[in-house]
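Sequence order for the protein chains is A and B.
The opening position of the first sequence corresponds to residue 1 in my numbering, with each subsequent residue numbered one higher.
The opening position of the second sequence corresponds to residue 1 in my numbering, with each subsequent residue numbered one higher.
Treat the hints with caution; some may be incorrect.
Taking lysine to aspartate or glutamate and the EDC-like style, the derived pairs with C-alpha atoms no more than 20 Å apart in a straight line are [unchecked claim]:
id : chain 1 : residue 1 : chain 2 : residue 2
1  : A       : LYS110    : A       : ASP97
2  : A       : LYS312    : B       : ASP294
3  : A       : LYS312    : B       : GLU433
4  : A       : LYS110    : B       : GLU341
5  : B       : LYS208    : A       : GLU203
6  : A       : LYS108    : A       : GLU203
7  : A       : LYS108    : B       : GLU341
8  : B       : LYS279    : B       : GLU379
FYI, nobody ran anything at the bench for these hints, they're computed from the structure.
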Amino acid sequence: MMEPINAFVVLSNFVLIPALAYGSQIALGALGITLIFGILRFAHFAHGDIMAFGTGIVILTTWGLQAQGIGFGPLPTALLALPVGIAVTILYLLAVDRTVYRFYRRVKAKPMIFVMAALGVMFVTNGITRLIMGPGERRFDDGERFIITVRDFREWTGLAEGLALRSSQVLTIVVALLAMVLLFWFLNRTRAGKSMRAYSDNEDLALLSGINPERVVVITWAITGTLVVLAGTLYGLDKSYRPFTYFQLLLPFFAAAIVGGLGNPMGAIVGGYVVAFAEMGITYAWRRVVSYLMPEGMEPTGLMQILPVDYKFAVTFGILVIVLIFRPTGIFRGRTL
Amino acid sequence: MTGYLRNVALFSLMGLALALTGMFQSWVLALTILNMSLISAMMALGVNMQWGYAGIFNVGIMGFTAFGGLAAVLIAMPPVPEAWAAGGVGAILGLMLGAGTIFAAILVWNRLPPGKLRVVALIATLVVGYMITRFVFAPATAAIVRVNPATEGYLGGLGLPVILSWPVGAIMAAGLAWVVGKIALGLRSDYLAIATLGISEIVIAVLKFEAWLTRGVNNVVGIPRAVPRPVTLQQYEWVQGLSQRLGLGLSETARLVELTGYAIMFAIVLGALIWLSEKALNSPWGRMMRAIRDNETAARAMGKDVTRRHLMVFILGSGVCGLAGAMMVTLDGQLTPGSYEPLRFTFLIWVMVIVGGSGNNWGAVLGAFIIWFLWVQAEPAGRWMMDTLTSGLSADSPIRQHLMAQAAHTRLIMMGLALLLMLRFAPRGLIPER
Numbered sequence: 001m002m003e004p005i006n007a008f009v010v011l012s013n014f015v016l017i018p019a020l021a022y023g024s025q026i027a028l029g030a031l032g033i034t035l036i037f038g039i040l041r042f043a044h045f046a047h048g049d050i051m052a053f054g055t056g057i058v059i060l061t062t063w064g065l066q067a068q069g070i071g072f073g074p075l076p077t078a079l080l081a082l083p084v085g086i087a088v089t090i091l092y093l094l095a096v097d098r099t100v101y102r103f104y105r106r107v108k109a110k111p112m113i114f115v116m117a118a119l120g121v122m123f124v125t126n127g128i129t130r131l132i133m134g135p136g137e138r139r140f141d142d143g144e145r146f147i148i149t150v151r152d153f154r155e156w157t158g159l160a161e162g163l164a165l166r167s168s169q170v171l172t173i174v175v176a177l178l179a180m181v182l183l184f185w186f187l188n189r190t191r192a193g194k195s196m197r198a199y200s201d202n203e204d205l206a207l208l209s210g211i212n213p214e215r216v217v218v219i220t221w222a223i224t225g226t227l228v229v230l231a232g233t234l235y236g237l238d239k240s241y242r243p244f245t246y247f248q249l250l251l252p253f254f255a256a257a258i259v260g261g262l263g264n265p266m267g268a269i270v271g272g273y274v275v276a277f278a279e280m281g282i283t284y285a286w287r288r289v290v291s292y293l294m295p296e297g298m299e300p301t302g303l304m305q306i307l308p309v310d311y312k313f314a315v316t317f318g319i320l321v322i323v324l325i326f327r328p329t330g331i332f333r334g335r336t337l
Numbered sequence: 001m002t003g004y005l006r007n008v009a010l011f012s013l014m015g016l017a018l019a020l021t022g023m024f025q026s027w028v029l030a031l032t033i034l035n036m037s038l039i040s041a042m043m044a045l046g047v048n049m050q051w052g053y054a055g056i057f058n059v060g061i062m063g064f065t066a067f068g069g070l071a072a073v074l075i076a077m078p079p080v081p082e083a084w085a086a087g088g089v090g091a092i093l094g095l096m097l098g099a100g101t102i103f104a105a106i107l108v109w110n111r112l113p114p115g116k117l118r119v120v121a122l123i124a125t126l127v128v129g130y131m132i133t134r135f136v137f138a139p140a141t142a143a144i145v146r147v148n149p150a151t152e153g154y155l156g157g158l159g160l161p162v163i164l165s166w167p168v169g170a171i172m173a174a175g176l177a178w179v180v181g182k183i184a185l186g187l188r189s190d191y192l193a194i195a196t197l198g199i200s201e202i203v204i205a206v207l208k209f210e211a212w213l214t215r216g217v218n219n220v221v222g223i224p225r226a227v228p229r230p231v232t233l234q235q236y237e238w239v240q241g242l243s244q245r246l247g248l249g250l251s252e253t254a255r256l257v258e259l260t261g262y263a264i265m266f267a268i269v270l271g272a273l274i275w276l277s278e279k280a281l282n283s284p285w286g287r288m289m290r291a292i293r294d295n296e297t298a299a300r301a302m303g304k305d306v307t308r309r310h311l312m313v314f315i316l317g318s319g320v321c322g323l324a325g326a327m328m329v330t331l332d333g334q335l336t337p338g339s340y341e342p343l344r345f346t347f348l349i350w351v352m353v354i355v356g357g358s359g360n361n362w363g364a365v366l367g368a369f370i371i372w373f374l375w376v377q378a379e380p381a382g383r384w385m386m387d388t389l390t391s392g393l394s395a396d397s398p399i400r401q402h403l404m405a406q407a408a409h410t411r412l413i414m415m416g417l418a419l420l421l422m423l424r425f426a427p428r429g430l431i432p433e434r
């Protein structure tokens with residue numbers, strides 16, 4: 001009767017845990033997209049590049065700390081560098097808002113003009129990031145690599161299959177959960193958060209009741225900056241850092257935000273996990289899992305892989321299209337915070 | 001007429017910049033810039049049709065360009081008979097089965113009454129169709145890839161003249177646009193943007209990983225040329241005579257003749273495209289498109305079928321991008337799926353259109369020339385700027401060395417600034433819409 005347990009262990013090792021970590025990273029990014037859409041009302045195309053920029057600052061700070069011999073025990077040093085990265089990114093976003101977006105808010109430009117401006121910001125940010133970090137891959141993870149290794153797991157449980165639990169995965173899930181809880185607490189319990197929700201819900205009514213729109217915008221950028229640097233740093237620790245990969249994450253971010261319903265934070269989180277689980281599940285070779293579950297002699301011969309890993313964008317895109325066709329407003333209808 | 005004179009002056013300045021490049025850097029460089037500018041101008045025209053005429057926000061230009069470029073391989077490369085024997089039938093049959101599956105699924109969805117049964121039938125059709133397709137397709141493509149993997153490993157093309165690939169590339173891209181448009185047009189503009197961005201990434205993924213069709217990341221090189229190679233040109237007597245009269249080396253002359261040949265061909269196609277676009281823009285059709293762009297509801301009230309018109313202009317614009325893509329692969333003589341990057345092939349084209357003036361064909365063309373010129377020249381300029389900025393540091397300082405190595409990326413910053421400044425201070429572009 002060990003077969004189903006072995007199947008579940010394989011599944012956890014290769015799909016469930018990685019997808020949970022990846023989904024948390026996407027959810028953090030998609031939350032930023034959805035907040036900007038809810039408050040500033042445009043599709044923030046520079047999101048991936050802002051993430052690359054902020055993570056680049058974190059990496060530089062991490063290297064600086066490592067050079068000083070400062071570490072964080074078993075945890076990655078990057079966690080110590082996070083506040084620096086977040087602060088610089090928020091300052092950068094606010095500077096961009098002052099110089100670029102505020103003008104278009106004043107003249108009440110169409111959303112598409114904002115998107116064009118975001119494309120300009122995307123170019124500039126991308127250039128700055130590549131100038132500082134170079135286009136290549138950068139690694140900055142240190143500390144304990146594993147919480148449970150495959151060998152330990154096998155020895156403890158006596159199962160044929162092993163389960164590895166990487167510390168970056170646990171860290172991702174814990175940090176993401178914390179950030180989400182804090183965000184919802186902020187949006188629902190604090191005055192500033194409530195004013196944000198009011199502004200997103202009905203701009204004119206919010207203005208009438210004395211909410212300062214510029215302040216709401218500043219808070220939005222600050223939250224977005226924090227979330228996106230968290231997402232980028234966790235992704236970099238879990239996988240690796242490369243500016244172009246970060247740019248490409250734009251697609252799953254947007255897919256998650258749209259799948260959940262643009263402007264809805266809960267939707268962005270759910271959307272993030274939907275996208276991650278679909279991507280992992282559809283591009284995973286199921287042979288080992290299935291062969292444990294099938295009776296003796298009926299093991300599958302093929303890989304049981306629905307799509308090659310190279311087509312993970314196609315999966316994201318497929319979900320996006322299905323949602324757009326059958327439920328254009330997303331899983332959670334409406335566009336309020 | 002002052003506007004007209006201004007436009008002529010702008011184009012003359014552009015010509016002067018190219019001439020100066022030729023005199024002070026090299027004529028080969030000037031002609032290389034010119035050729036790519038001509039191709040970029042076509043892409044910009046395509047984007048201008050979609051955005052300038054109809055207000056469709058397409059950020060999947062890269063996908064249509066690359067898909068059009070595939071035509072150059074499919075038309076011009078010689079066929080690989082061993083690969084066809086190994087799995088040609090299976091691959092084609094598999095593709096047809098896949099298309100049939102999707103067709104059947106659409107049929108099921110449209111014919112059956114709404115309800116649970118319809119959903120179950122749809123999923124069953126897709127799953128069964130997928131399994132049959134996979135059963136035929138996978139072994140066939142695996143067999144194809146195994147044929148001479150070092151040099152071939154793909155089906156090859158039809159072995160026809162490469163020029164034929166230009167219209168074919170346009171038609172292929174237009175066909176892709178039809179599928180995309182059917183799904184995604186009618187969505188809100190920012191959703192359409194995401195959808196097109198996704199499509200372009202998928203097209204690149206297909207080109208990269210369907211090795212049986214494109215050799216994938218191994219690239220298809222040595223695509224037959226439209227103009228004889230410099231090596232061949234060198235043997236012609238008139239080229240040798242030209243070399244003596246110009247006082248240039250024989251190999252450089254041959255290269256110049258080759259590039260000029262391409263430039264003339266591209267200029268003819270671009271001229272025809274501009275002429276057609278101008279005709280279309282100033283026809284009742286063009287006025288209708290602008291009416292739809294400016295006020296969709298009013299146009300709908302006048303009885304215009306907005307969705308169909310949008311689909312039409314989306315197909316036309318993407319077709320032009322596909323044409324440009326096929327021409328680019330012809331010019332390069334190779335298809336390198338790994339070299340397609342959205343910043344370069346999608347967003348840079350957008351910068352061209354915005355800087356030049358959206359809604360105006362001449363503006364899009366001028367924007368393409370200026371931005372491509374800057375894009376190429378920004379590399380030495382960026383290096384020079386970095387050199388000056390870091391001149392206070394010693395030559396072996398790691399910061400200086402790093403910045404010098406990455407100096408080429410300053411061009412991205414320059415392009416972004418160009419876009420932001422134009423958008424802010426001259427949102428109608430260098431040559432505004434009339």
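- Taking only the CA atoms, is the gap from LYS108(A) to GLU203(A) under or equal to 20 Å? holds, 13 Å
- Query: Does LYS110(A) pair with ASP97(A) here, judged by a C-alpha cut-off of 20 Å?
  - Reply: Distance ~16 Å between LYS110(A) and ASP97(A) Cα, so the pair holds.
- Item | Pairwise hint evaluation, GLU341(B) against LYS110(A), where the allowed Cα distance is 20 Å at most | violated, 28 Å
- Message: So if I understand the rule, the pair passes when the alpha-carbon distance is 20 Å or less; does LYS108(A) with GLU341(B) pass?
- Response: violated, 33 Å
- Take a quick look at whether LYS279(B) and GLU379(B) sit within 20 Å of each other, Cα to Cα. Violated, at roughly 38 Å.
- Under the criterion that the straight-line Cα-Cα distance not exceed 20 Å, is the pair LYS312(A), GLU433(B) satisfied? violated, 41 Å
- Message: Hint check: LYS312(A) vs ASP294(B), CA-CA at most 20 Å. Holds or violated?
- Response: violated, 38 Å
- Query: Is LYS208(B) close enough to GLU203(A), meaning Cα to Cα at most 20 Å?
  - Reply: violated, 46 Å
Consistency note: the structure conflicts with the earlier hints numbered 2, 3, 4, 5, 7, 8.
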